[in-house]
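Position one of the sequence shown corresponds to residue 47 (the numbering used here), numbered consecutively onward.
Hints may be right or wrong, so weigh each one.
[Claimed, not checked] Below, in silico cross-link-like pairs of lysine to aspartate or glutamate (EDC-like), each with a Cα-Cα straight-line distance of 20 Å or less:
1) Lys-171 <-> Glu-153
2) Lys-64 <-> Asp-105
3) Lys-171 <-> Asp-77
4) Lys-64 <-> Glu-98
5) Lys-171 <-> Glu-98
6) Lys-64 <-> Asp-93
7) Lys-171 <-> Asp-105
8) Lys-171 <-> Glu-127
9) Lys-64 <-> Asp-191
10) Lys-64 <-> Glu-127
11) Lys-171 <-> Glu-61
12) Lys-171 <-> Asp-191
13) Lys-171 <-> Glu-156
14) Lys-64 <-> Glu-79
15) Lys-171 <-> Glu-147
[As the list claims (entries may be wrong)] What follows is a list of derived Cβ distance ranges for each label pair:
16) Leu-165 <-> Arg-192: 19 to 25 Å
17) Ile-168 <-> Val-90: 21 to 27 Å
18) Leu-115 <-> Glu-153: 24 to 30 Å
19) Ala-95 <-> Gly-189: 28 to 34 Å
20) Arg-193 <-> Gly-88: 16 to 22 Å
21) Val-90 <-> Arg-56: 23 to 29 Å
22) Glu-156 <-> Pro-57: 36 to 42 Å
23) Glu-79 <-> Glu-180: 18 to 24 Å
24) Ser-187 <-> Arg-62: 17 to 23 Å
25) Leu-145 <-> Leu-125: 34 to 40 Å
For the record, the hints were derived by calculation from the structure and aren't laboratory data.
Heads up, the beta-carbon is just placed ideally off N, CA and C, and yes, glycines get one too.
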Amino acid sequence: MSHSARDWERPGLSERKKRIARAAIEAFLADREPADTGDGSGLVVPDAAWCERNVRSFDLHIGACSTLLRFALGMLVVLLEWLPIVIVGRASRMSRLSLEERIRYLEALERHRVSWFALLFIGTKLPMLFAAFEEGAPLASTGFDRRTTQTRRRLVIAANRGQNP
């Protein structure tokens with residue numbers, strides 16, 4: 047019998063850090079395609095259940111880490127929360143910014159001339175979005191041919207084995 051660290055489902059984030067992760071994940075998954083959202087911003091807000099699934103996955107991935115890595119990722123999340131004052135000049139925490147402001151902040155962080163800020167962006171975005179495209183419509187949008195990444199493949203067997211295609 048094989049066990050993985052995810053079998054224990056040990057959470058790794060406090061409620062405060064989950065709130066920060068939820069705000070960041072919502073901004074990461076928001077779409078800028080023009081849509082009739084009613085507010086004139088052209089933003090398509092991601093589904094709340096999709097965001098919550100990603101927060102839960104991120105929490106479990108951090109919970110499965112070593113103590114030192116759990117501490118480091120937690121500090122990256124806290125840094126992400128407090129850097130808007132440095133990056134975009136807003137005296138506010140990231141989780142309190144509007145969705146449009148969070149997107150602008152994260153884009154500025156990604157393109158910052160100081161490489162440590164871009165590294166912070168990548169170091170938080172990748173683990174936060176591990177589960178984003180693993181099932182359902184988001185997975186289908188990538189061109190994947192199955193319902194989930196864990197679904198077994200079904201091979202199509204030719205009706206006439208003796209004939210060459």
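The hints, checked one at a time:
{"no.": "1", "hint": "Lys-171 <-> Glu-153", "in the structure": "holds (12 Å)"}
{"no.": "2", "hint": "Lys-64 <-> Asp-105", "in the structure": "holds (7 Å)"}
{"no.": "3", "hint": "Lys-171 <-> Asp-77", "in the structure": "holds (16 Å)"}
{"no.": "4", "hint": "Lys-64 <-> Glu-98", "in the structure": "holds (10 Å)"}
{"no.": "5", "hint": "Lys-171 <-> Glu-98", "in the structure": "holds (15 Å)"}
{"no.": "6", "hint": "Lys-64 <-> Asp-93", "in the structure": "holds (17 Å)"}
{"no.": "7", "hint": "Lys-171 <-> Asp-105", "in the structure": "holds (13 Å)"}
{"no.": "8", "hint": "Lys-171 <-> Glu-127", "in the structure": "holds (13 Å)"}
{"no.": "9", "hint": "Lys-64 <-> Asp-191", "in the structure": "violated (32 Å)"}
{"no.": "10", "hint": "Lys-64 <-> Glu-127", "in the structure": "holds (11 Å)"}
{"no.": "11", "hint": "Lys-171 <-> Glu-61", "in the structure": "holds (19 Å)"}
{"no.": "12", "hint": "Lys-171 <-> Asp-191", "in the structure": "violated (25 Å)"}
{"no.": "13", "hint": "Lys-171 <-> Glu-156", "in the structure": "holds (10 Å)"}
{"no.": "14", "hint": "Lys-64 <-> Glu-79", "in the structure": "violated (27 Å)"}
{"no.": "15", "hint": "Lys-171 <-> Glu-147", "in the structure": "holds (17 Å)"}
{"no.": "16", "hint": "Leu-165 <-> Arg-192: 19 to 25 Å", "in the structure": "violated (34 Å)"}
{"no.": "17", "hint": "Ile-168 <-> Val-90: 21 to 27 Å", "in the structure": "holds (24 Å)"}
{"no.": "18", "hint": "Leu-115 <-> Glu-153: 24 to 30 Å", "in the structure": "holds (27 Å)"}
{"no.": "19", "hint": "Ala-95 <-> Gly-189: 28 to 34 Å", "in the structure": "violated (23 Å)"}
{"no.": "20", "hint": "Arg-193 <-> Gly-88: 16 to 22 Å", "in the structure": "violated (31 Å)"}
{"no.": "21", "hint": "Val-90 <-> Arg-56: 23 to 29 Å", "in the structure": "violated (34 Å)"}
{"no.": "22", "hint": "Glu-156 <-> Pro-57: 36 to 42 Å", "in the structure": "violated (28 Å)"}
{"no.": "23", "hint": "Glu-79 <-> Glu-180: 18 to 24 Å", "in the structure": "holds (22 Å)"}
{"no.": "24", "hint": "Ser-187 <-> Arg-62: 17 to 23 Å", "in the structure": "violated (32 Å)"}
{"no.": "25", "hint": "Leu-145 <-> Leu-125: 34 to 40 Å", "in the structure": "violated (20 Å)"}
In summary, the numbered hints that this structure violates are 9, 12, 14, 16, 19, 20, 21, 22, 24 and 25.
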